[in-house]
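*Asks:* Two chains, two frames, a set of hints: combine them into the complex.
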Amino acid sequence: MTYRGLTAELITINGDGGDPISAYVARPTGDGPFPGVVLIHHLPGWSEWYIEATRRFAHHGYIAICHNLYERNGLGDPDDVAAKVRAEGGVPDAQVVGDTEAAVKWMRGQANHNGKVGLIGSCSGGRHAFIYACQKQDIDACVELWGGRVVMPAEDLNDKTPTAPIDMTAGLSCPLLGIFGNEDRAPSPEQVDQHEAELEKHGKDYAFHRYDDAGHGFFYYHRPMYRVDQALDGWAKTFAFFGKHLG
Amino acid sequence: MCTSIVEIAAAEGKAKGGAEWFDVNRAVVSYDHARHALLDDAITIDFINTELEAGARAAVELTLDSAKALQAALAAAIAEADEEEAERAAAIEAMRLAKVAAA
Numbered sequence: 023m024t025y026r027g028l029t030a031e032l033i034t035i036n037g038d039g040g041d042p043i044s045a046y047v048a049r050p051t052g053d054g055p056f057p058g059v060v061l062i063h064h065l066p067g068w069s070e071w072y073i074e075a076t077r078r079f080a081h082h083g084y085i086a087i088c089h090n091l092y093e094r095n096g097l098g099d100p101d102d103v104a105a106k107v108r109a110e111g112g113v114p115d116a117q118v119v120g121d122t123e124a125a126v127k128w129m130r131g132q133a134n135h136n137g138k139v140g141l142i143g144s145c146s147g148g149r150h151a152f153i154y155a156c157q158k159q160d161i162d163a164c165v166e167l168w169g170g171r172v173v174m175p176a177e178d179l180n181d182k183t184p185t186a187p188i189d190m191t192a193g194l195s196c197p198l199l200g201i202f203g204n205e206d207r208a209p210s211p212e213q214v215d216q217h218e219a220e221l222e223k224h225g226k227d228y229a230f231h232r233y234d235d236a237g238h239g240f241f242y243y244h245r246p247m248y249r250v251d252q253a254l255d256g257w258a259k260t261f262a263f264f265g266k267h268l269g
Numbered sequence: 025m026c027t028s029i030v031e032i033a034a035a036e037g038k039a040k041g042g043a044e045w046f047d048v049n050r051a052v053v054s055y056d057h058a059r060h061a062l063l064d065d066a067i068t069i070d071f072i073n074t075e076l077e078a079g080a081r082a083a084v085e086l087t088l089d090s091a092k093a094l095q096a097a098l099a100a101a102i103a104e105a106d107e108e109e110a111e112r113a114a115a116i117e118a119m120r121l122a123k124v125a126a127a
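Going down the list, the sequences are from chains W and A. Basically my numbering = 1-based index in the first sequence + 22. Basically my numbering = 1-based index in the second sequence + 24.
Accuracy of the hints is not assured; some may be wrong.
Which residues of chain W face chain A? A few of them, derived with a C-beta cut under 7 Å, are [what the hints assert, rightly or not]:
1. 65
2. 98
3. 101
4. 109
5. 208
6. 211
7. 247
8. 248
9. 250
10. 251
Label-pair distances were calculated between CB atoms; the ranges are [stated by the list, open to error]:
11. 117/W x 33/A: 23 to 29 Å
12. 29/A x 195/W: 44 to 50 Å
13. 93/A x 243/W: 30 to 36 Å
14. 193/W x 27/A: 23 to 29 Å
Just so you know, these hints were derived from the structure itself, not from any lab. Every residue gets a Cβ at the ideal spot worked out from N, C-alpha and C, and that includes glycine.
Okay, chain A solo, but in the shape it has when bound (with noise of 0.2 Å):
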């Protein structure tokens, strides 16, 4: 289908494309067309760079199930990120405040 839908989000980290890692700005998920998968329409999630030329471009497409299972494994492990970046910022400020203490 020509569905239009796209998401665009911003980006920023590294993404690999054939054999090398470049810079990333955008993340772009949509639900259209499968130009490689053999099914009907897919999800399509492109990690590219808009500063780059288009060969800066590592993508997927996946099952309307698979998308939905990959949205489950993110959420669960950016939970999981969020709780352990919580306890390393309060260990970090519980060391800065010994030494506060301590000086």
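Only chain W is shown next, with the shape it has when bound in the complex (with noise of 0.2 Å):
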């Protein structure tokens, strides 16, 4: 068994509206070319969790980056700052999909990447993802985990969130997998049972897979919504799936 040498650093790229932003980045050690994986961080923000997921990535044989939503925010604690963010009612939508393209673009300028872009989130982050393969065309590949208020009322609807997510199905533009805990509320299994009848109305590539005894955030092993079994059949599906659209 050899494992796999990583190198990850933290970089600086232009976000939305040229804001400069941090990003780590995890990469494979070798000539490569490796696929990429961007990374879209969930609302508690740029923790330690997305962290460690983008290193886990990289020694998977991906390049990796992982970009702070919340750097306009504030620095420090990433606790702190998604704190500051919660008071000053989230970040808009579309800068998230602008600091996101910047990520992508980064990715698709490395010398040793393969031409081919996966992007994941968990919780706003899988939103986040959804929103993000459903208005670009630059991504092959996208995994949505237990993407939360991809179904939004109208009252929900501001001015940082002017359209729900799931009207903006007709768009997406690459294969799509989710995976959701049956025991989650945010979202419900009937939120999850109509954002997948849009999916089959408008005929998209896409595979869900929804897990018993399992809730929000079982793939964080940080936290009591942990669930082992679950977790790693989770994990084992994002692999196979980014290894068939990313290869």
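*Replies:* Here it is as structure tokens:
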């Protein structure tokens, strides 16, 4: 058994509106070419779980980048910054799309990149990954982990979230893998049903996997919501999906 | 869950985050992922100042039952404080009237 080496570093990319934002990059050692994965972090922020997940993808042979969606809101402990973002009503969907586009462009500019880019996000990151995959045409696969508020009532729409992501489904531009826990309420099983029905209606290439005895965030090994069997299977499906579409 | 349950109130006073006290201007109450308490979801209360860095924050993560107990304790303390303030205002007014009458 031979383990792959990797390198990791902090870089700065020019995000939405040209604003400089930090990004954590992890690369496998070797000449490649390697496929790429862009990670969109969740509501709790640019957190250690996401930094570790970025390294995990490099361990599995992907160039991986996770950009800081909350950079403009402050620096410091990611938990404190996330609290500041919560107090400010979140970040605009359009800004997240712009920041993510910068990360995708960075990936496509890497010399040892194989030309394929996948996107993955969990929680609000899953929702943002789906939005990106519907609005842009520059990624090759998208993984949505328990994206809440893909289905949104009209009273929840505002300047920062003007359109319910489910209403963007017609524009989905790549294969989608969705992973959900059946005990989750955001999204609820009923909302996941609606999400799936809309994908069917538009004839999209997708696969949803829905796990019993799992709620929200069941990949988070540092939280009580962690579910070992379901997370192991979910990761296996994620790597199989990316292997098929980014190889 | 990503519940998006967030309530924000203006706040005036001071909070202690770490070793230092700082001026607050917001109290943010949410029910969502717990980040530190070993709970799936928690009532998180953040006392912050939007004009200061993110580290100017005093936070708690509570179970729903603890939050309800806190709400009851807060309501009781506020009711008693309102009585106290009403008595204080009445006493000050009585003293003022007495001074006016004596003058």
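*Asks:* The structure should be examined with respect to each hint, and the outcome stated for every one.
*Replies:* Status of the hints after comparison with the structure:
no.: 1; hint: 65; result: 6 Å, holds
no.: 2; hint: 98; result: 5 Å, holds
no.: 3; hint: 101; result: 5 Å, holds
no.: 4; hint: 109; result: 5 Å, holds
no.: 5; hint: 208; result: 4 Å, holds
no.: 6; hint: 211; result: 13 Å, violated
no.: 7; hint: 247; result: 5 Å, holds
no.: 8; hint: 248; result: 10 Å, violated
no.: 9; hint: 250; result: 16 Å, violated
no.: 10; hint: 251; result: 18 Å, violated
no.: 11; hint: 117/W x 33/A: 23 to 29 Å; result: 26 Å, holds
no.: 12; hint: 29/A x 195/W: 44 to 50 Å; result: 33 Å, violated
no.: 13; hint: 93/A x 243/W: 30 to 36 Å; result: 31 Å, holds
no.: 14; hint: 193/W x 27/A: 23 to 29 Å; result: 27 Å, holds
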